[in-house]
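Produce the complete structure using the sequences and hints provided.
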Amino acid sequence: MPLQIGIVGLPNVGKSTLFSAITKKAVDCANFPFCTIDPNVGVVEVPDERLGKLAAISHSGRIVPTTIEFVDIAGLVKGAAEGQGLGNKFLSHIRECDAIAQVLRAFTDPNVIHVENTVDPARDAETIALELALADLETVTKRLQNVERQLKSGKTKELEAEFAVLKKVESTLNNAGMNSALRDIEWSEDERKILKGLSLLTMKPMLYVINVSESQLADGSWEGRSQGYAPTGSHTVPICVKMEAELAAMPEDEKKEYLASVGQESSGLDRLIVEAYSALGLITFLTSGEMETRAWTVVKGSKAPHAAGVIHSDFEKNFIRVEVTDWKDFVELGGESKCREKGLVRVEGKDYVIKDGDVCYFRVG
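The letter at position 355 of the sequence shown is residue 355 when you use the numbering used here, and the numbering goes up by one with no holes.
There may be inaccurate statements among the hints.
As the list claims (entries may be wrong) - Taking lysine-lysine pairs in the DSBU-like style, the calculated list, with each CA pair at most 30 Å apart, reads:
#1 Lys152 - Lys168
#2 Lys338 - Lys300
#3 Lys196 - Lys142
Treat the hints as calculated values from the structure; they're not laboratory data. Nothing here was measured: the structure is a model prediction, and the numbers come from that model.
Right, here's the structure in full:
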């Protein structure tokens with residue numbers, strides 16, 4: 001099942017236009033708030049130029065890229081955590097996603113209404129951060145009340161551990177704002193297990209999509225205007241959503257010419273998809289043969305048996321070893337057999353940590 005990225009933001013910042021361009025699917029997009037009621041969903045391929053190169057060497061019958069699912073969620077407004085606008089319904093949709101792509105508007109256009117009447121990406125980001133933090137605080141407060149009642153009936157190590165973690169979360173969220181996001185706090189593995197079932201919104205990875213004009217994209221002027229919109233080190237992608245909508249309708253050759261004419265090597269949408277993949281802490285390993293060349297997704301740090309299990313659950317249980325070739329060696333030398341002759345095929349055991357770009361052949365019982 002593809003991982004889900006929820007596209008959120010204030011009304012009229014370009015969310016639905018962005019979604020339409022990403023998925024090449026028509027969605028309801030009008031110049032007024034709350035035009036999108038139910039979330040639209042679309043599965044998109046993760047761009048990976050390695051696949052075509054490997055397939056050419058292996059004479060593969062087909063290429064199968066890995067995918068990510070994008071969900072277009074209607075605009076949040078100030079007070080969403082308290083049910084303002086259509087807040088509660090949409091907060092629940094965000095809770096189901098694996099990560100959040102927050103669209104911030106940096107372009108100015110008098111013909112496109114902004115819900116706050118002025119364009120200020122930093123303010124908009126703070127508004128959404130506050131609403132997500134308040135929604136999490138409500139969730140944690142309810143759970144704390146339940147745990148406290150259970151503790152009165154009899155203490156257990158599990159309840160005491162959960163109570164301590166929830167108090168830590170409560171303390172963080174009471175400083176509601178961008179700097180109190182739970183994703184930025186150090187958590188032990190045990191603490192993360194306790195919090196997992198709550199699906200806390202500010203625990204989810206966040207990408208910041210800056211919707212800019214063509215001129216802002218070209219000269220980088222959006223950066224100064226958006227200063228302070230996101231914590232240092234955040235995943236940030238500037239995109240001219242209007243331009244991307246036009247690109248989505250172009251044939252591939254015209255698209256390349258157009259991108260070159262505006263000084264861009266790749267589309268903003270491709271950069272967003274790759275950045276979303278990175279934000280989730282994912283890497284790609286590859287398999288390549290005559291039948292197909294395929295990309296497979298695992299979390300960074302996964303060991304070989306787990307990677308084998310992504311292909312088929314029985315492979316993890318019956319894992320023996322994995323034969324690994326770097327994709328560049330595979331392409332440059334002309335395939336696995338040539339790499340084997342040069343001693344570039346490594347035989348690894350169950351403790352091997354899969355690396356991005358590994359071409360794998362699993363041996364199973």
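So, going through the hints one by one against the coordinates:
1. Lys152 - Lys168: holds (20 Å)
2. Lys338 - Lys300: Holds, because 28 Å separates the two Cα atoms, which is no more than 30 Å.
3. Lys196 - Lys142: holds (16 Å)
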